[in-house]
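Asks: Heads up: the protein sequence lines correspond to chains P and L, in order. The first sequence maps to residues 1 to 500 in the UniProt record's numbering. The second sequence maps to residues 1 to 125 in the UniProt record's numbering.
Since the hints were made in silico from the structure, they are not lab data. One or more of the hints may lead you astray.
Unchecked claim - One side only, chain L facing chain P, incomplete, derived with CB under 10 Å:
id : residue
1  : 16
2  : 32
3  : 33
4  : 36
5  : 50
6  : 53
Since the structure is predicted, the reported quantities are computational estimates derived from the model, not experimental observations. All C-beta atoms, glycine included, are put in the ideal place defined by N, C-alpha and C.
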Amino acid sequence: MAEEGNVSAEQLGGLLKLRHEHEKVVKDCESRIQHWIKVSDDYDALKDRLRTLPDQLCYDVMVPFGRLAFMPGKLVHTNEVMVLLGDNWFAKCSTKQAQKIVDHRMKHVKNEMEDLSKTRKNFQARVGFAKDLETMSDRKGHYVEIREEVGDDGFTVTKGKQRIAHKLNSKPKLDSVLDLKDENEEEVKGEKEEAGGKKSVLTEEELWTRLDELEKLEELQDEQDRLSDNADMNGEDTTTSSSEEEREADAPPINGISLKPSWSSAARSTAPLSGKIQEEEEEDEDEEDHGLPTIFFSHTVEPKKVRINTGKNTTLKFSERKEQKEHSKRKKKNGHNNGHSHHELHNKITTPADVYRLFVDVKNGELVPRKSILKSRSRENSVCSDTSESSTADFDERRIIGRSFSHDEANHSDTSDGIAEEDSPVSVPLQTHSRFEAFSGTVIEKDPMHLSVPHLTISPPTLPTILERKQEEVVPDVVAPPPPAPKRVSKFKAARLQQK
Amino acid sequence: MAETVQKKLQGEIDKYTQMQKEVSKNMSVRQKLETQLTENNIVKTELDLLDSSNTIFKLIGPVLVKQDLDEAKANVAKRLEYINGEIQRYESLLKDMEKKSEQQREVLTSLQQEFQKAQGLAVSS
Numbered sequence: 001m002a003e004e005g006n007v008s009a010e011q012l013g014g015l016l017k018l019r020h021e022h023e024k025v026v027k028d029c030e031s032r033i034q035h036w037i038k039v040s041d042d043y044d045a046l047k048d049r050l051r052t053l054p055d056q057l058c059y060d061v062m063v064p065f066g067r068l069a070f071m072p073g074k075l076v077h078t079n080e081v082m083v084l085l086g087d088n089w090f091a092k093c094s095t096k097q098a099q100k101i102v103d104h105r106m107k108h109v110k111n112e113m114e115d116l117s118k119t120r121k122n123f124q125a126r127v128g129f130a131k132d133l134e135t136m137s138d139r140k141g142h143y144v145e146i147r148e149e150v151g152d153d154g155f156t157v158t159k160g161k162q163r164i165a166h167k168l169n170s171k172p173k174l175d176s177v178l179d180l181k182d183e184n185e186e187e188v189k190g191e192k193e194e195a196g197g198k199k200s201v202l203t204e205e206e207l208w209t210r211l212d213e214l215e216k217l218e219e220l221q222d223e224q225d226r227l228s229d230n231a232d233m234n235g236e237d238t239t240t241s242s243s244e245e246e247r248e249a250d251a252p253p254i255n256g257i258s259l260k261p262s263w264s265s266a267a268r269s270t271a272p273l274s275g276k277i278q279e280e281e282e283e284d285e286d287e288e289d290h291g292l293p294t295i296f297f298s299h300t301v302e303p304k305k306v307r308i309n310t311g312k313n314t315t316l317k318f319s320e321r322k323e324q325k326e327h328s329k330r331k332k333k334n335g336h337n338n339g340h341s342h343h344e345l346h347n348k349i350t351t352p353a354d355v356y357r358l359f360v361d362v363k364n365g366e367l368v369p370r371k372s373i374l375k376s377r378s379r380e381n382s383v384c385s386d387t388s389e390s391s392t393a394d395f396d397e398r399r400i401i402g403r404s405f406s407h408d409e410a411n412h413s414d415t416s417d418g419i420a421e422e423d424s425p426v427s428v429p430l431q432t433h434s435r436f437e438a439f440s441g442t443v444i445e446k447d448p449m450h451l452s453v454p455h456l457t458i459s460p461p462t463l464p465t466i467l468e469r470k471q472e473e474v475v476p477d478v479v480a481p482p483p484p485a486p487k488r489v490s491k492f493k494a495a496r497l498q499q500k
Numbered sequence: 001m002a003e004t005v006q007k008k009l010q011g012e013i014d015k016y017t018q019m020q021k022e023v024s025k026n027m028s029v030r031q032k033l034e035t036q037l038t039e040n041n042i043v044k045t046e047l048d049l050l051d052s053s054n055t056i057f058k059l060i061g062p063v064l065v066k067q068d069l070d071e072a073k074a075n076v077a078k079r080l081e082y083i084n085g086e087i088q089r090y091e092s093l094l095k096d097m098e099k100k101s102e103q104q105r106e107v108l109t110s111l112q113q114e115f116q117k118a119q120g121l122a123v124s125s
């Protein structure tokens, strides 16, 4: 108790000093304000004098002579005044000009007064605080300082799990589950930062298990989507124009989501809404959780680089790296483990692009990284469009071939078909991913105009070839399609024009 | 032992106080320069507002000397530049002084600790 008393006495002494200092400042401010008030009064009087001075040509005055004597005299040239501008500079002015100068100075004075009054307010508030602190430390007043001791033991174990939850690339659901398990109200972030390093090893294993779980979920959802998509597809085949319009309408809003645009139109029609909702959910989840990945928007200069790509090369790496960097930066801010995130990105599926990266090789049967998904052999497995240069040649091919068929409509419907039937396993995982994590956390906004044309040209490109084949095989019904509406330019044409 | 340390301590304290004085001097000079700066800024604005119809005088000692408006403006501008330069120079000086005083302070603290130890030894012995 004696120690407590000493401590409190010291605190009291300190607080007293603090209060006194604050009060001093307040007094100083007040004195300065008084000074400025005087000055402004003087200036007011001067202004009046200047106004009335030119009323008469000359005034009879008693001129002071030294300290004690006066002499009668006359005040002439009533309109001419010598003004001190400062620093020993004088200017001869008329009374009106002098009045203007006085107005200037009044402004300055007023500003000073305002500043001083503000500081005075601040310090008065501080004085109040100091008083409150004093009463609190005395424990005489009815203020009670609430203190909660933070225990370390219970946190380390749980914090580790929470640490996983807050990893940027970990699945949100996983995070939410973990967070629900470990509810901690005090300083979750700080403790996570502390425990983050410990959990890096464990999280990898957990990630693998998580991957397996997600694959199963994806398969389940595949079937579900297939059922729903097929119904949609059939409708879309007949109403290709509507699908186109949908696509175009969806394109700009979806363009903001770098990983979305290349998906099937059917997936688009259904997914964008759901995806967006999921994203919103994720956003909510993200916002709820303390350190969860937040959705950041960044503008890309070159959409090409950001474009979803295929395989292990090409542009996605670029964006991936960017995202990785951004993720790592944010994680650092949040105190996350960077190395783990990098590792995660390579092994874990966090974005639809990752799916392509990981799954495509398996499905192709080719272990060689594919240069572009536009290659006919690779198209079966990929929906994503590729902006890599290797695909431009393919573009031309397809454009030529595609022209012979129904341009836009067929492509659109084909894309939807191709995606639904062949790429469902691929597309669904993307969708499922969207549920858990719509995207890695970076929303790269692209210039919609810039993408609108390429979007028209690029997104379908992969599909036409598949479609062409199918049409060749099945029935070349739509051989002579109606010429494209003047408004609607076929995608291939547009691409060609663009390339020109 | 304690006495020698004490003497050292005194010496260091004197040095430190001197440095503090210099620092404060620099500060005051700099403040003066700042007021001059603001004043000259005001003069500049006023001169800009005036036109050539008004005659401008400069007070040199007890004499008011007539000046040209353009000349006056140029003079004020030059003076402003000069003041700015001076302020920067004094700022750098001030920084150096502060660093030195910091070092001096550290030396002082270490010496104080020694002194206390020595005193403790003396008391115990």
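Asks: Take the hints in turn and mark each one as holding or not.
Replies: Now for the hints, and whether the structure bears them out:
1. 16: This hint is violated: residue 16 (chain L) lies away from chain P, its Cβ roughly 23 Å from the closest one there, beyond 10 Å.
2. 32: Violated - the Cβ of residue 32 (chain L) stays beyond 10 Å from chain P, reaching only about 13 Å at its closest.
3. 33: violated (13 Å)
4. 36: With a closest approach of 7 Å, the residue 36 (chain L) hint holds.
5. 50: The hint holds - residue 50 (chain L) has a Cβ within 10 Å of chain P, the shortest such distance being about 6 Å.
6. 53: Nearest chain P Cβ about 9 Å off; hint holds.
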